[in-house]
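As you go down the protein sequences, you meet chains A and B in turn. Note that the numbering used here numbers the first sequence so that position 132 is 136, with each residue one more than the last. Note that the numbering used here numbers the second sequence so that position 152 is 593, with each residue one more than the last.
Rather than coming from a laboratory, the hints here were simulated on the basis of the structure. Backbone N, C-alpha and C fix where the C-beta goes; we use that ideal spot for every residue, glycine too. Any given hint might turn out to be false.
Below 27 Å or equal to it, Euclidean Cα-Cα: the simulated DSSO-like pairs (lysine-lysine) are [to be verified]:
no., chain 1, residue 1, chain 2, residue 2
1, B, 542, B, 521
2, B, 612, B, 766
3, A, 208, B, 865
4, B, 719, A, 208
5, B, 766, B, 653
6, B, 865, A, 71
7, B, 612, B, 792
8, B, 865, B, 937
9, B, 683, B, 521
A few chain B positions that, by computed beta-carbon distances, are all more than 12 Å from chain A [to be verified]:
no., residue
10, 465
11, 520
12, 706
13, 759
14, 765
15, 829
16, 833
17, 844
18, 888
19, 919
20, 946
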Amino acid sequence: MSAPVGVVGGGRFGRSLATAILRSGDAILWSRSGGEEAHVTTEVKELSRCELIFLSVPSTHVPAVAKALAPHLDGRHLLVHVSRGLIGDDLWTVSRHLRHNTPARRVGCLAGPLDAEAFSEDRPGGGIVGTQFPEVADAVRAAIAGASLRLYDSRDVVGVEVASAMVGLLALQAGFCLERHIPPSAMAVMMSRGLAEAARVGVKLGGEEATFYGMAGSGDLFAALGGDERAEVRLGRALARKLDLEAAGREAGAYIEGVTIARRVAAYAERVGIEAPIAAVTARALDGEMSIEDGLRYLMER
Amino acid sequence: MLKKLLSRPMRLPRLKPYVPSPDDPAIFWFNSERDDIIREVVRRLVERYAHDRASLEYALNEVAFHETRRLEGQRDEEAKAALGYWRGLLRRIARMSDDAKRDALRGIAQRMARDIAGNFDPRVYSLATRVTPRLLTGVMRPASLPQDLASLGAPAIDEMLRAEGELDLLKRLEKIGTLVYVPTHSSNLDSIALGYSLMREDLAPVVYGAGKNLFTNPIISFFMHNLGAYRVDRRVSARLYKEALKTYSCVMIERGYHSLFFPGGTRSRSGMLERHLKLGLAGTAVEAFARNQVFGIDRPVWFVPVTINYGLVMEAESLIEDHLKLMGEARYIIEDDEFSQVDRWVTFFRKLIGTQGACVIRYGRPVDCFGNTVDDDGRSVAPGGTVVDPGTYVWRHGAPVLDAHRDAAYTRELGETLLDVYRKDTVLMQTQLTAHVLFRRLVRETPGVDLFGRLRFRGEVRMPREDFVRDLGETRDRAAAVESAGGVRLSRKLRKSTPEAILDESIAVWDGYHTRCVSRQVGSDIVAEDPTLLLYYQNRLVDYAQQVASDDDLPAAREISLLGAQA
C-alpha cells in the first residue's frame, strides 16, 4: 500500500530501525557495505521510492551522505536523523545541514531515551521527534512505533538536536562517575549543571530552554543514569578504568559523537560569550591535557 | 475640506471602459473579477468560522467586542455610524439562532471584504506611467516643470531612483507564474518608489495592502485607490478582520495577481535591516500555491526579495525617536510624521535633485515558496543543483494535500531565507557608511558608556578630516571585500567615489533636509553633531560592523553589532 521506509546507514541503530520498520511495512536500507538481507541495497537511488527516510550515520558523515542523497530527493521526501552530533565550528544541527544541502525541507530528528534494541524487540520505551512539520512526526510513528514504543513530538527542532548532542557528552561523564562510584549527590550536581549548560548553548543556537528539561534533555539523561549502558556510558566507564581514548572507544563499540563536539562546543561558547565549563573540561580531559579526576575536582570547586 | 475629498475613493468617470488585451497582466481584469473575489473571500470566512457553534459564537463575540472598544475610543463619524450595531450585536448574540448568527457573520465578512478590496483602473495606470515622473519632478522642482513636460529627456526622478538586480529574469517569470515582491521597509515612500520602479522597468503592476492612514495623503490617495492597492485598517484588531485580509491576499495570489507586501510589517524604526519578519501574508502565498496544486493548477509562486536603500530617509527623525522612546515597544502607527507634511516632501525631493541613485532598489533572485532558487527558465533549483518540482513539497502519500501546519512551517523557514537574502542584497549607501565611521569613533571614545549616554554626546566627538577620510576609505575598501565575497552590496557611488567625495556628499545630503545638523566640518575637524541620526543611518551596518572594522576598531565594532543582537 504505502511507500517503503528508507534507512541510511548499516550500523547497529540503522539495522534496529529497519527491523522495527519491517514489523509493519517495507524497508530499504542503504549501506555502503551492503548485506545479505533482501531490503539492503548499495544503490542510493533506490531510496527515492521512499517517502520517509531515516539517516542513521554519525554527523561527520552527514555532509557526504547528504551530497550523495540530494540528486535523488525532491519535496516529497521526509528526512529524519538520529545523530547526536553538531556540525562544524558554528555547531550547525544536522537537520539544518540537510535543509541547506538537499531538496528536502520536511526534516526532523529522532532523539530522547531511545535504545536500539528496545524498539527492534518492541520492549517498552520512548523517544521524541523534533520537527516543525506534524506529518514528519506522524510518519515516524506510523513507521516504527509499536504498541509499547511511545513517541512524543516537539516543534523545537534545534532544542531537541542540541539536547541530544549535549546529553551524549553528559552520558560520557555519567559513565565515568558510575565506574568510579562518585557519590550520587556530587553526580547529581554535575548532571544538573550539565543540563543547564546544555540549555545555554541550545538557547544561543535558537532552541527553547524548556526542551532541555523535557524528554529530549533530562528524559534522555535519566535513561543514561538509569543504566541503559549506552555507548557513551560505556566509553566513560572505560576511561575511568584508565584506558586511553582509542582503547576505550573500541571497548564502547560504537562511534561516539560526544568526543568530537566537546571541544567545538567549548570554543563556540567562548566565542559567543556564554559559560560552558563542563564542555571545556571534558574537551581538555579527552585531549589528555588534564586528568578526568582533576577536571571533576575543578568543576566541583568552581 | 479638499484633503477630505481627496482621501475618499475617487474614480475616473465610467465614460470609456478599458478592454483588456490578452497580453495584459491579470490585474487589468481585476474590476470584472472583483465581485467574484469578494464572494470567494466571504465564502471561505464563513466556512472557516461557521462550521461549529462554538467557533461561530466566539468569532462574533470577538469581533463585536474589539470593534465596540475601538469605536468607543475613536469618537468620530465612523463611531457614530457603527457603534450602535456592534453594541446591539454584543447584547443579542446569546439569544440569536444559529442561522441568525451565520447571517450576521456573513454580513460582517461581506462588509470587511468590500472595505478591503481595491480597485484597478487601467486608464489611471496608463495616465500614471506618463505623468507620474514629471509630476513627481514637478513637486520636487516646480520651476523646471514646463521644460520637463516639454522635453523628451529623462525627468529628474529617473536619475534619483536606480533599479538593479534580476530585472530580465523577473520579466520572464511574471509571464509564467505569480510574483510576490517582499521588500525591506524603511519609509512610506517605499511602496510608491517600488510601484514607480516596476512601472519604469516595464514590469507588471502589483496589488498591495496599504495602511488606511496612507490614504489621507492627498497626493497619493488618488493613485492608491486606482492602482490596485487594497486597504488595510490597522486599527481593527478583530481576528475575523485579520483573517479576511489574509484570505483576500490568498485568493488574489491564487488567481495570479502579482502581489507586494512588506514582511517587516512596519517601517524599520531603528534603521536596521529587518531582523524579525511578520509572515502572516507570506503564509497566504504558500497556501495559495498549495491550493492551486490541489486543484490541479500548476502555477508557480515566487517570492522576490527586494531591498530598498535610501541615502536619505524622509522619516528618519521620527522613526529613530520612536525607536529610542520605546525600544521595542514602538507605536505601530505614526500619524503625524514627515510623510504627512507637504513641506517636508518638497524639501526632501529638492534635496535629492541631482543626486544620482539617491534610492537604489535591488531586485534579488526569486525563490520558490520553499526557499529554492529559480533558474532562468523558472525551474526550482534545490541546494546542490538538483532541479525539483515545487509541487512535490505539498505532497503527502503521493498526492498534493492542504495542510495549514505544514504551510506555517514552510513559511517560517522561508522567513529565514529572506532575512539571509536581505543581508546579502542590502546596498550600502554613502551616508550609511559615513555615519558608521563617525558613530564607531564615538563608541570608541566613550568606553563603558551605554547607548543612551552616548546619544547625549552632541557635537562632542570630533576627528581631523584627514584621519576621518583615511578611516572612511579603508572601511569602504573592507566593505568592498565583503561585497566580493557575496556578503553585501555597495551602491555604485560608494564603490567608485573618493573618500573625500563620499564624506562631502553625505554631509551635503543631510544638511538642509534634516532639521538637526547630523555632522559638519569645523575648521579641519569632522564633528559628530547628532549621534541619534548618526545611529539611525549607521544601523544599516550593524550586521557587517565587525567585517569592516580595522583591528583597532574591533572592540567598538563588537559593541555596535551587539545593538543588532539586542534589537
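Going down the list of hints, with the structure as the test:
1. B:542 to B:521: Given that 27 Å is the threshold and the Cα spacing comes to 24 Å, the pair holds.
2. B:612 to B:766: violated, 43 Å
3. A:208 to B:865: holds, 23 Å
4. B:719 to A:208: holds, 22 Å
5. B:766 to B:653: Distance of about 25 Å is within 27 Å: holds.
6. B:865 to A:71: Since the Cα atoms of residue 865 (chain B) and residue 71 (chain A) sit roughly 25 Å apart, the hinted pair holds (cutoff 27 Å).
7. B:612 to B:792: violated, 33 Å
8. B:865 to B:937: holds, 20 Å
9. B:683 to B:521: holds, 23 Å
10. 465: Holds, since 32 Å exceeds 12 Å.
11. 520: holds, 41 Å
12. 706: Holds: least Cβ distance 21 Å, greater than 12 Å.
13. 759: Residue 759 (chain B) is indeed farther than 12 Å from all Cβ atoms of chain A, at 33 Å.
14. 765: holds, 25 Å
15. 829: violated, 4 Å
16. 833: Given that some Cβ of chain A is not farther than 12 Å from that of residue 833 (chain B), nearest at about 3 Å, it is violated.
17. 844: violated, 7 Å
18. 888: holds, 18 Å
19. 919: holds, 21 Å
20. 946: Non-interface label on residue 946 (chain B) holds, nearest chain A Cβ at 38 Å vs cutoff 12 Å.
In summary, the numbered hints that this structure violates are 2, 7, 15, 16 and 17.
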